[in-house]
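Can you build the whole structure from these sequences, using the hints too?
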Amino acid sequence: MGFFNFEPAALPPEAEALRPQVRAFLDEALKDKRPVDRAWNWMGHDQDFSRKVGEQGWLGMTWPEQYGGGGRTFFERYVVMEEMLAAGAPVQAHWVADRQSGPLLLRFGTEEQREFFLPQIISGNACFCIGMSEPDSGSDLAATRTKAEKVDGGWKVNGTKVWTSSAHLAHYMIALFRTDAEDKHGGLSQFIVDMKSPGLTVSPIINLAGNHHFNQCVFDDVFVPDERLVGKPGGGWNQVVAELAFERSGPERYLSCIQLVYELLGIAARSKDPAMVEEVGRLTAHAMTLRRMSLSVAGKLQRGENPALEASVVKDVGGVFEQSIPEIAARLVDEEPTLMDASNFQQVLAFLTMEAPSFSLRGGTREILRGIIARGLGLR
Amino acid sequence: MSELRSILTDSVNGLFGDKITRELLTRFDETGDDGGVWAEVEAQGLTRPLVSEENGGVGGEWRDAHVLVQAGGFHSAPVPLGETILATWLAEKAGLEVPEGAATVIDGSDGSLSLTGDGRTGKLSGRASRVPWGTKAETALVVAPHDGGPMVALVRMSDAAHVAPNQNMARESRDDVSFDGASVQMAHLPNDVPADVILQYGAMIRAAQIAGAMDKVLTQTVQYANERTQFGKPLGKFQAIQQEMSRMAGEAASAGVIAEAPFAALDEGLNPEWQIAAAKARASEAAGIGASVGHQTHGAIGFTYEHSLHFATRRLWSWRSEFGGARFWSRRLGARAVDRGMDNFWPDIVSG
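Line order of the protein sequences matches chains A and B. One point on numbering: in the numbering used here, the residue at position 47 of the first sequence is 47, and numbering is uninterrupted. One point on numbering: in the numbering used here, the residue at position 77 of the second sequence is 77, and numbering is uninterrupted.
A few chain B residues that don't get close to chain A, going by computed Cβ distances all over 12 Å: (1) D18; (2) E23; (3) G36; (4) W38; (5) A43; (6) E53; (7) S109; (8) P145; (9) R174.
Straight-line distance between alpha carbons at most 30 Å, and here's what the computed DSSO-like set of lysine-lysine pairs gives: (10) A/K147 - A/K184; (11) B/K233 - A/K184; (12) B/K237 - A/K184; (13) A/K33 - A/K52.
Source of the hints: derived by calculation from the structure; they are not laboratory data. From the three backbone atoms N, C-alpha and C, an ideal C-beta is built for every residue, glycine too.
Dropping the structure here:
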């Protein structure tokens, strides 16, 4: 008893009041999107869409008004986020910046950095990517080797980042570099890299489905000015841990396959197959549970508490749930998955079957998350 | 948490934690004797959290009942606490006399039982199977069909024509009871109470007990994994063990979160039906995983009668099937989702 604190959270009226506005906005903005387009979920990239979201005042909602933020609650932001995900809106161009890069700068950034970057994020004009993983440093983040050497007026960066989602579309990268070879954890620092920097080469890594989300980013004597160091030199490890808690905390960690649940429900409604009806009910029970857990994490954010442990639990349980959905759909429905001209179910199933392996890799693998949970249990 | 709720939480956990030992549960298994736990529960006034103060209750909220029932699940309390809480609530709600002593609830809304008579007294007939604590309870609250629609009745268990003792895997009594014109007090089912209230609210109680027992298995297993050494280090240091225990922890957390949901809905004056369905379906699924990982981690010692792990795991395996199992409630939830259609799926998740 008492390993976790999933205190029940209820959305206040001002948060619920946003819901119809967000739905009306999405109905209009997404009216031409097919289910298979919506299945991209938060991997869908559309900077124009992000600008429209910014115009609504739905980016940087919880940030201080002095930077153009909304000064609103995490619950209001939560409603906007969950409605976007449930509708399959293409949120990738602002998602990372709104979720973690902005909060990182608010916590550790300089005044100049906040004044320069936050308004760009809030208007939906700045897309951020995250430069953490490297060829020899995946889950083992402390093995980061890409080196930032102190030079006059800044830092000279050499090395390679991989699996960098949206690097080919992003304007900025929050990157973790090694600034001290001797100190494993204390020798890491975070920087903001302008993606147009000379010496930075971004090349695609095509995933198994033939899609281009992630990239390899090679740094060849890339200059990063002093004022783009985030926080303290050597503070990178602790800052990244705090940032990952934000990364793991949102409703995107259980809604990746929601479009397939809709399609499965449509088929169950037509067929009345009891096995399908039962499975739809089972998935509903899981979704209701995860939504309450996820909302409870938003409550922790609102109270200023550290959500890291509970967020890891939600992401782990949510990841298992998300990945089970294509398996269940394939088992229960006799329609072959394909991305070619076919039913919405067939297309969505094909898309999500091929994307699903990434759900328990991105943002911390299942094994890493369970290690964090095990620590929370007092096992390590 | 309200002041009342923290007082209740402390007293119930104090009482059960002190009194319910391995020895007591062993004696319960052998003889059905609760070792005085029920008497103590009554003495501390924990059986009527939902009854008004005028009728000897504490006038609390459903979430106050929740902490009591969950604690009962955690400690494997061998007493009809949840059933009595429901029975006393329903009796007062329907305008019947609030029963003294241990009480149970019987769902006759499917036609297995029927009521006859006029006004406030009548006769109960029919057969009910697997009545929880049928041999222990002094009275039962029954919902059964009557000419004019479903009614609530209060019957003395000593007026049953026959009680055939039976048990679940945890040796809690689940008895077959028949009535042949037993005298009852009766009342109309209140408008805001569904005809299958016993089934629904019973499932809500069992889900909360499962959540408590999941916490217990998790707690015991963490403790064991930190104490038991193999290959020169505690079991808990092995990644294979950590991965599985984290999975169990996720299931325990899920069961805990959703089990609380219908109690909260009732406190907000909302219809709890879909939260109940989700809670019982989800917690019943979690129960099997919790028991399985708990036993796997404990190894052979946890498979012995001598080790106490089975007091919680046999209850998990029993409770998951009582008042409707995962399949029953998934189908009910699924039927609604299918009926409401794909466009309403998300709005319904959000609205509870």
